[in-house]
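S.K.: Protein sequences appear in the order of chains A and L.
Going by the working numbering, the letters in the first sequence line up with residues 1 to 484, in that order.
Going by the working numbering, the letters in the second sequence line up with residues 1 to 503, in that order.
Watch out, some of these pointers could steer you wrong.
To be verified - The list that follows gives simulated cross-link-like pairs (lysine to any residue, SDA-like), each with its CA atoms no further than 25 angstroms apart:
#	chain 1	residue 1	chain 2	residue 2
1	L	82	L	58
2	L	91	L	58
3	L	331	L	362
4	L	439	A	30
5	A	435	L	114
6	L	285	A	289
7	L	26	L	64
8	A	77	L	437
9	A	388	L	487
10	L	82	L	63
11	A	388	L	437
12	L	501	L	444
13	A	388	A	34
14	A	250	L	114
15	L	300	L	265
16	L	26	L	114
17	A	174	L	313
18	L	40	L	58
19	L	96	L	81
20	A	77	L	313
21	A	250	L	488
22	L	391	A	460
23	A	77	L	377
24	A	435	L	396
The hints are simulated quantities; they were obtained by calculation from the structure and are not laboratory data.
Small disclaimer: the values here were computed from a predicted structure and weren't measured.
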Amino acid sequence: MSLKKTVAIATAVGAMAAISVPAMAMENEIHGMYKLKYIVSDADNGGASYITPNASNEKLKANNFFEQRARLFYTAKANDDLKLVTGFEIDSVFGDKAQGAINPGNVASGALTYRNSGGALESDAVNLETKHVYLDFKIPSTPTRVTAGIQPIKDALKGVFFDADVAGINTVSKVGPATIGLGYFRAYDQSYFMTATTPKGMNNLDIVALNADVNLTKDLKVGAAYYLYSDNRDNTPTKLHTLGVNADAKFGPLGVSGFAAMQQGVKGGSSTVAHTVYNGYAFNGAAKLAIGPGALRTALLFTSGDDGKDGINTSWQSVNQSLNAPSTGLSGTAPATNSYNDSNMMLLNRSVNMGGTSTDRAIIYDTNNRDQGVWLASIGYDATITPKMYASANAGCAWVAKHNAVTNLIVDKATGKPNGSNFQGTEINLETGYKMYDNLTASVQAAYVILGGYYKGSAADSTASAVKDPENPYTARVVLSYAF
Amino acid sequence: MKKLQIIPLVLMFILCAVYAHAAQIKVFVTDINAIGVQNKDEMKSTLRMLLSSRLNGDTIMVVGTAAEADVLVSGTYVTIGKVFSVDALVKTAAGKALTRAFVQGESQDELIPSIGKLANKLTVELNKIYSGSPALAGAVSASTSPAPASTLQTPKSDIIRNVQIVPAPAGEIIKAHDAEQAAGSWLSQRLNGAANLMAVGKSLPDGSREIFLAEARRISYYRQGQSMKLVSDTELGVDDKILSLDTLEGTDGVLDIYVTVIRAEELASQVWQVKGDKLVLVADKLPWFFRSFRLAGGTKKLYAQAMGRTSDFFGNVAEASRSGSHITLVKTIPMPRYGNIYTFNQFRTNDGNMYTVVINPDGYLIVYDQALKELWRSNDTFGGSELYFLKVDDDNVRTTGNKYRWEFMNMRIQVTAKGDILVGKNDGFWVLGNARSYKKGSVLCMFWNGSSLEEKWHTRETQNYLPDYYFDDNRNELLMLQTVQRPGVSTRGASSLAIKKVE
């Protein structure tokens, strides 16, 4: 082929490609966040778990550490009704680990996949986590939108049952003023943890979500939700039904919201384990009023507790991670997959709007509160000091709803018995921030929890002869937050 | 040879004939009296402007003075109840009546289309008269001097038309167009404060014009004459953020300034008035998004939309009226997908259909038919605003790490009395997620060609972010607000206002 012809063909191919570009046009949407915290605390430690004051001595040395989290969200949008959504995360603590292993001599450490690493000298670490990968599309000629894949899901009960990233298929249909959601999620497939060959999809933790909202007026929205928690991973399967109603309304300048929910279910027994009946409740009410240069907030959460004395568990169940351990899926202490943000607490309960990095610890880490439930009352005020500066103050008090004879191992060393008080503690927290740019905020957070009578005399170094109370948890954080 | 000599003569004859045929009738619209209406003066000038622009065409050229004209058109606009009639009389320059025509309608909504019909009638009549009367035609021809060569040249203008041919620069030095003093353009001095929004008030007897600018929480009242003179300004509460700024003159002649304000995530909108050169608050804490505009190029009216408990823009947009602090919704306008009070307008097609045009969140212009089904979508993106408000986002905070969801506003879509669609467009090299920093802006004028929106003209790109614009239909002027310096930690930033004549 002559050079001329080759050039001509190349030009034609180039032109064709250029013409075809608009047809393949795709919108690229990128969002993300970066958060850096310097933390001084006797409770925060970079981990995710319950804060257990009774496990610590009367006097504690403070942790001080830097931790950072970056999240990147990339969406490939073919058109308004079809997009692929992905989300990635990189977590590190300054000085944690890098370059292949925490300690090359430590096989167990070296075997880590380097999630949450890369903050040590010379950094290089394989530390990119994939949080979300899902397809988001609308079924043509229907009002139904589908999200299929690994996605974030939060229940319609302010997250007190379930707030997590999970693989599944969710649909949302808009019909007039109503929004109807139906989803199926597979949290675990036990075949991946069994040594024997097992068919996939037979021994799962499945969650089904059905919810509906109706905007009756511009100032009133009501909704209802049903969740099935079906755990078939062992020979004592759990079936838990959660049914709730919620509302969000505005009366003049006052905004109110709340929910009421109940649970019914059973965990099958075996020759060695008695079956358990679940029968829990949860209620919430919250109000917000614009007043002065900001807004006053107050909220109350109740989740029922159980005394642990019979086969009927009357505590509110909330979902946890329970890798290969079905028994810890509800009442356990594994990393939480539920939340409650109305309180704006930093240490008292898991209010994820006050966190945002790897440190994820709270006294009432799950709304289940170790099968004891909780009464949590909170009040706060968000003030705009200048258009670039804000301050927020919150106070909250928490009581266990019911002492549980099995899970409550906190005892007053003076008596050797659990304290009679249900009062877990009072948190006072402050946050003030300055917007250096619209997207970049520097802030300071501080929280102090005054432990209640529930923890009296329970410090780890407390003895019958030298009774000591645990140290009050506190945290002080300097935060740099960039969101786009 | 003689036969050859005839050819130039024939050509000359043909050229003369073509020229005589192509000559335009010079028309001057003298005055249109208005009877039975309020704001007589404004209505008279509006009607005169409307009729002039609609008469102007291939065969008729509307001129600026009676001295230049072949014929003079005068008229009367009468309203009795809701019914109106517009009657026109055409005379020669010598005063001889040539023809009459009238149109009538049953509501104000029909007024603008009726003026178009009247112009068509007059055009037909004038064409008949001038084509059927050689004497008159000759007179026209004789009185029409050849167009000066300069009119064929591209005028220096900030308005770039699609048909305009721009000669290649002759030298190696290419002058920036903005450095030239473009014909028909005006640029304000540097104005203190980076304004996000602009609204035009009354035209004052001295020829100046009221301009209102809004920063995040400050309203400034200017008079635009030879320069922008700050008359008064006022600052809102520390927790307030201004989302929109509009004006509407009431039937009593008082100008209301509608300011959509968000406070603690709820709407707390306000209405201000100018009283004795001061801005006075007349209504507060109104739970509505406001916008006043000419829907489909019609009369400027007030519109409102509510905020829902979970949706930012709830329900449909409605025409609204105010009585004190009470807002009454009178007529609902169904919104298509992506439509809200700040992203839509309507236009009427040549065949009388009313279509809705919307800028979607990705910036594409979408045209919907009367059944709100999508008809057309642009390939380019338009709009773009750095103005936003925040809403607590508890549902997603665990994922995004951000307590708040960002809801960006968008640029207005304006439809002129002629049915042209104006839309702004901002561009920037850093427009990613919620981090927006636009660098250049322009305004485009488009028209519906029956199947898609087609560009008629666009302005030159500004060297700054263009937060807002406004087309003054009465004066045929385009006002473009520019951010020349963004606000900083201790500074308010700065703006400028450019006004361009749209010929």
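S.K.: Next step is simple, just say for each hint if it's right about the structure.
M.R.: Results of checking the hints against the structure:
no., hint, result
1, L:82 to L:58, "violated, 34 angstroms"
2, L:91 to L:58, "holds, 20 angstroms"
3, L:331 to L:362, "violated, 29 angstroms"
4, L:439 to A:30, "holds, 19 angstroms"
5, A:435 to L:114, "violated, 54 angstroms"
6, L:285 to A:289, "holds, 13 angstroms"
7, L:26 to L:64, "holds, 10 angstroms"
8, A:77 to L:437, "holds, 22 angstroms"
9, A:388 to L:487, "holds, 11 angstroms"
10, L:82 to L:63, "violated, 33 angstroms"
11, A:388 to L:437, "holds, 18 angstroms"
12, L:501 to L:444, "holds, 14 angstroms"
13, A:388 to A:34, "holds, 19 angstroms"
14, A:250 to L:114, "violated, 46 angstroms"
15, L:300 to L:265, "violated, 29 angstroms"
16, L:26 to L:114, "holds, 22 angstroms"
17, A:174 to L:313, "holds, 15 angstroms"
18, L:40 to L:58, "violated, 31 angstroms"
19, L:96 to L:81, "violated, 33 angstroms"
20, A:77 to L:313, "holds, 24 angstroms"
21, A:250 to L:488, "violated, 36 angstroms"
22, L:391 to A:460, "violated, 44 angstroms"
23, A:77 to L:377, "holds, 16 angstroms"
24, A:435 to L:396, "holds, 21 angstroms"
Going through the hint list in order, the structure does not satisfy hints 1, 3, 5, 10, 14, 15, 18, 19, 21, 22.
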